[in-house]
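Let the hints inform the model, and build the full structure from the sequences given.
If you read the sequences in order, they're chains A and B.
Mind the numbering: the first sequence is residues 1 to 152 in this note's numbering, read in order.
Mind the numbering: the second sequence is residues 1 to 371 in this note's numbering, read in order.
Hints should not be assumed to be uniformly reliable.
What the hints assert, rightly or not - No more than 20 Å apart at the CA atoms, straight line, and that leaves these computed lysine-lysine pairs for PhoX-like: (1) B/Lys55 with B/Lys41; (2) A/Lys141 with B/Lys301; (3) B/Lys301 with A/Lys83; (4) B/Lys101 with B/Lys246; (5) B/Lys237 with A/Lys77; (6) A/Lys141 with B/Lys101; (7) B/Lys55 with A/Lys62.
Said to hold, decoys possible - One-sided and incomplete, this derived list gives chain B residues near chain A with beta-carbon spacing under 8 Å: (8) Thr38; (9) Tyr318; (10) Val320.
Note that these hints are calculated values from the structure, not bench results.
Quick reminder that beta carbons are idealized off the backbone N, C-alpha and C, glycines included.
Single-letter residue listing:
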Amino acid sequence: MNDTILQNELLKIFPELVFEPGTEWLQVTVQSQQWLPLANTLRYKVDMDFDFLFCVTCIDWKTHLAMVYHLRSTTSKLHLVVKATLNPLNPEIDSVTSIWKTADFHEREVYEMFGVNFKGHPDLRLLILPDGWEGRNPLRKDFEDPINMIRL
Amino acid sequence: MFEEIGTTTDGDLIINVGPQHPATHGVLHLVITLNGETIRKVEPHLGYIHRSIEKMCESLTYRQFIYVTSRMDYLSSHINNHACAMCVEKGLQIEVPERAKVIRILLDELTRIASHELWWGAMAMDLGAFTPFFHAFRERESINDIMEETCGARLTMNFIVPGGLMADIHPNFQKRVKDFIRLYKSKFEEYNEMVTGNVIFRNRMEGVGYLSKEDAISFGCTGPTARGSGVSCDVRKWFPYEGYEKITFDEIIETGGDSLARYMVRVREMNQSIRIIEQLIDAIPEGEYQAKTKAVLKLPKGEFYSRVETARGEFGVYIVSEGGTTPYRIKFRSPGFSNLSALDQMARGSKLGDLVAMMGTLDLVIPDIDR
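See below:
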């Protein structure tokens, strides 16, 4: 299995995937409602076996939010970067906690920092921010801290 | 955030450990549900030392943000700086001089030993043995002295910068490192006599905090935590950087999955670091210590990810650049954050007293978790 074979295999199952050329690791953009079936395929399909989700984050592009999932297979050492575009007003995506347990903490962090709602997350509440913080998302670009301690 | 001491509807007791507790080594707050003395659930509450480094970095230039990263995992500050410098170098396609590469590895491995020494002493102290702490600090102190002479700092180094190093090594560097290796080798047996072979210690570690191989992978554990469960995940072996592929050393893997296995991984890893240093200390090539770079660094538009093996596991830097002098978004994948998420799984069903042994062998550094 290499990047080209992986790309073709994935396109057979999910024809509407968009692959980005010329990146260090194979990069794919998925519709947010397709993310959970894709994640299931990546994790459990024989010879894909992406068992290691090492980085989950979100980027605020002002017009939209982009979820970024970095995946790796501990058997084949293949990498895959999956991106999903979300609506900034009502960002929603399926939780993958049931597939990768590490997603629990990472999704909670993205939830409080970007306000993304992870559907199906068993315990979606604040992890780092203090109680009563709900509604303001510090890592969004439009966030203004009234105390402004971090503006340099 | 604070839950009062109380009982659940099942009659289980809820207690708080931390945020100010000597065994948590920093401001980690654990809310523990207990049935008698058996742990039902452990819930970490984070954020007491969260400084929003990721947001700060968005307004810092590529030369400035290195200084903030030393403050994350302060016990492996060289290695954090290294990851960030590598990420910027990847974006700008800077070729780092050979001399700088070798010195970077030497500093990384010295940092790793210093970090493991501190962990070893602190963990023994958690389990009630105070003496090992002083023994560990005796050796760690000489590493700190080497660092002080070369980098001018003892904890937050900021010595590795994009393009190479901040300055050349001190003329005494090689001699002092060799002195340290001699000192370390003469003292290492003490470690095993005092702690590793100690029957009380072994009884408190064996079978405590079991983490299976599948769980270690699923929880995203890296570093000695995962290697104690039999997962091969050393970034230095898997995805070599800065010439680690040319050096002979072993990736330490234990299959026990318990606290003792994680302990053994770290102790044996120190010897491997010494092995790496011995191979390189007389082979530092002559030449420049820094590549020629522009005064203002501008990363091209795109995304860059680089990772290194810190003392705690895989540390990743993900920079999203829009072509300016500051990153558009930066994400630090810290090893402690993922390792901590496995604590609940490890602790369920064990006794409250064993929680300290589990936290000790996870080697938690709270600023690294909170960022």
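Task: Hints the structure fails to honour - done: 1, 6 and 8
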